[in-house]
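Engineer: Here are the chains, one letter per residue:
Number of protein chains: 2
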Amino acid sequence: MKNSKRKEMLQTVMWKEDSVFMIDQTKLPTRLVYVKCKKYEDVVNAIKNMVVRGAPAIGISAAFGLALAAKSSNARTRTKLMSDLCRAYEELRSTRPTAVNLFWGLDRVMGKAKTGKNLLEIKSGILSEAKKMAKEDIQTNMEMGINGAGLLYDGDTVMTHCNAGALATSAYGTALGVIRAAKDAGKLIRVIATETRPVMQGSRLTTYELHHDNIDVTLIPDTAVGHIMSRGQIKCVIVGADRILRSGHVFNKIGTYQIALMARFHKVPFYVAAPMSTFDFKSDLGDVPIEQRLEDEVLKIGKKRIAAKGVHAFNPAFDVTPPELISGIITERGVLTPPFNFRQESLVGKNEKIRTLKMKLSNPSII
Amino acid sequence: MKNSKRKEMLQTVMWKEDSVFMIDQTKLPTRLVYVKCKKYEDVVNAIKNMVVRGAPAIGISAAFGLALAAKSSNARTRTKLMSDLCRAYEELRSTRPTAVNLFWGLDRVMGKAKTGKNLLEIKSGILSEAKKMAKEDIQTNMEMGINGAGLLYDGDTVMTHCNAGALATSAYGTALGVIRAAKDAGKLIRVIATETRPVMQGSRLTTYELHHDNIDVTLIPDTAVGHIMSRGQIKCVIVGADRILRSGHVFNKIGTYQIALMARFHKVPFYVAAPMSTFDFKSDLGDVPIEQRLEDEVLKIGKKRIAAKGVHAFNPAFDVTPPELISGIITERGVLTPPFNFRQESLVGKNEKIRTLKMKLSNPSII
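So the protein sequences, as listed, match chains A and B. So in the working numbering, the last spot in the first sequence is 1426, and the numbers never skip. So in the working numbering, the last spot in the second sequence is 1426, and the numbers never skip.
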C-alpha cells in the first residue's frame, strides 16, 4: 500500500543524471514537464521565474544548485573551490528575498562544505547533504501530516490558500500533507482551494495535485472567501508559510492575512503548517523584506493585457499574519499553540516531541 | 468646461437609429465597441452575457428592451400589444436574478405602458419613459456624486471594488461618480481598484474608465486588500450595490462583504453609493436569490483552462454585506447613516433632501 502510493507521489525536485530535475510549475496543470538544470545558473533562473516555488522546494533546489556549482567547478585548490561556491551561494541567495528556507538550505550546505578536508570531500559532502535534505523534507512532511491530521475530523471541509503541497516541497507537502495524512487515516476531507491571484497557484497547482491524489477539491475565487465562511461551510483553514518569526508572525503568500482575519471573525480555526526550517529566530518584523514582483503579473494574464493601458499595479508577493490570528502552527515536532514566543534552543536540537495543547486545539469551537 | 467634459463622457447605453446601442463590455479594455440591439431578444442576450452589466445600466437596458419589443410588435389591438410586451417583460426579467434595478426599470416602463390609451400612445410612452430614465440616471449619479464628494478629502486614497462607474450606469457612475465629483471639486483623489475575480470588472472596466478621465488608479489583486489596509494606505472604501434591503443589507459583487469586514477591522469607513432605484423595500434577506454563474468563469481565463481537468468551482456572483459594516449609503437624496431601517414612504416621493449626519461622517475616525 505504502509503496504503491509512493510510486505515484509527485516528486517536485530531485537529483538524477548529475543534474537537478524539477517539475516546471509554470506549465501546470496543462502539462507535467520536468526541466533539467545542469548548471547552478539554471537553478537561479528557475527560482526567479517560479519554475520551482514554495519555501521548502526553493530551499532544496538551492542546495542542489550548490551541488551543481561544486560539480562544475574547475578549482584545483580548496580556496578556489570555496570562492566558486561563494559566488553561487550569493547568486542563489538573491533569487527571492522573503522565504527563509532558501537561506536555511544554502547555509546548511555551505556549513557542510566548510567541514570538507579536500576538494573531493567538499564536493561529495555537498551533494550528499543536499540529497539528505530532500529526503528529510519528505519525512518531515509526513511527520507534520501525522501531527496535524488529529486536528481534522471525518467530513470536514478545509480551506487552503496558494499551494503548500507536494509541489511546494520535495514531495507530500506541508498544509496539503496534513490533508493527505488525514485522508490516509481514513477521514473524508473536502478541500476548498482559493485561486490565489496573481500567479494562481491555487487554480493551477493545488487543484492539480489534490485531484491527482483523488482528494475532493473545489476552486473558489479569492473574492468568495468571506461569503463561503459566512455560510458556515469551512471547518478550518490550513496554509503553509514562507517565514515564521519568533514572535509568531507568519510571512506567507499575499492573501493569507485577510483569510486569517476572516477566519477569526467567523470563528474558524486557522492553522499554519511548516517545517522547523521555516522558522527565523533572528529577524524582527521590520527586518523581513516583502518581495514586490513585476506588475505585469497583475496587469496581464499570460501574454494578454487585461488592465487598461497606462495603468499601474501593486503586486506584493507576501503578507504578514500576526500571531493573534493563528490557532496553531503544525510542525514535524508537534503542534505549537499560542501564545508564541519561540526560542531556538527550545525548538531545535531536541529529539523529543514538543508538548502541545492538542486537546484544546482538537475542539474546533476554541480558536 | 461642463460641455467639453460631457462630450468625452463614456455613454454606456443609449437609444439611436431606432435601436439600443451599448458598449460591449466584454471587449474592454482592448477595444471600445458599441453593439446595436435591434430586437428585445438582443438585449436579453446582452444582459445574460454581460455585454452590459452594472445594476443601473441593466435597468435602463431592459427599459429600452421593452421599447424595442413595442416597436417591433405587429399587434393591432391593445390587448395583443400588451401581451407581446408581457412576453418581453418576462424574458427580460429572467436574465439576472439579483440586481433589483432590472425589475424597477421594467416595472416603471410597464406602468407607463398601462396608462396608454391606444397603440401609438403606448409605444411612444414606453420609448419616452425609457429615454427619460436614461437621462435621469445621469442626473441622479451627478447628485449622488455631489452628496458623496463631501466625504472625500484632498489627497485621499479610495478603494473601490468591481465597477460601479460610468460603465455600470448610463454615464458618470455611482461609486466612481462620487470620485469624479470630488475631482471636479478640486480634490486630488487616488483610487485603488481591486481586480474583482472572476469577471475582472476592476481590471478591465474601472481602470479603463478612470484612466480615460485622468484619475490616478492603481490595480491590486483581490488578495492584497487586507495587506494594503494594514499599511494604513486606504482612507475609505466606496462600492456600488445591486440591491439594498430596508434592513440595510447590501447585495453587491462577490468580494464586497470581505472588503467591508476588513475595512471595519482596520477602521476604514465603508460607503455604498447607489440610486434609490436600488432599494428593495419589500424583500427580506432570505427572499433574494444569489446568482450562481457558470463555473467556467473561474476554471478558465478566456478560452484557456487554468484549473486541473475534472475539478469543479463555486462561483456566486454576489454576496451580502450586513448593515453593521456600512458607514453610510450615498444616494441622490443624501447620505443615509446607520442605524438603517428604511421605509419606502420616508425615502421615496419627497423632493427635499434627506437629512443626514454628514458632520459625523465627515470625521473619518468615526466609522
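Watch out, some of these pointers could steer you wrong.
If chains are identical, the list can't say which one is meant, so a pair holds when it fits in one copy or spans any two.
Each computed EDC-like pair below joins lysine to aspartate or glutamate, with the alpha-carbon atoms no more than 20 Å apart [said to hold, decoys possible]: (1) Lys1294 - Asp1143; (2) Lys1368 - Asp1083; (3) Lys1368 - Asp1272; (4) Lys1363 - Asp1213; (5) Lys1326 - Glu1383; (6) Lys1363 - Asp1215; (7) Lys1368 - Asp1275; (8) Lys1173 - Glu1149; (9) Lys1190 - Asp1355; (10) Lys1246 - Asp1101; (11) Lys1362 - Asp1077; (12) Lys1194 - Glu1076; (13) Lys1194 - Glu1149; (14) Lys1363 - Glu1383; (15) Lys1130 - Asp1083; (16) Lys1363 - Glu1149.
Source of the hints: derived by calculation from the structure; they are not laboratory data.
Engineer: Of the hints stated earlier, which fail here?
Structural biologist: 1, 4, 6, 9, 10, 11, 13, 14, 15, 16
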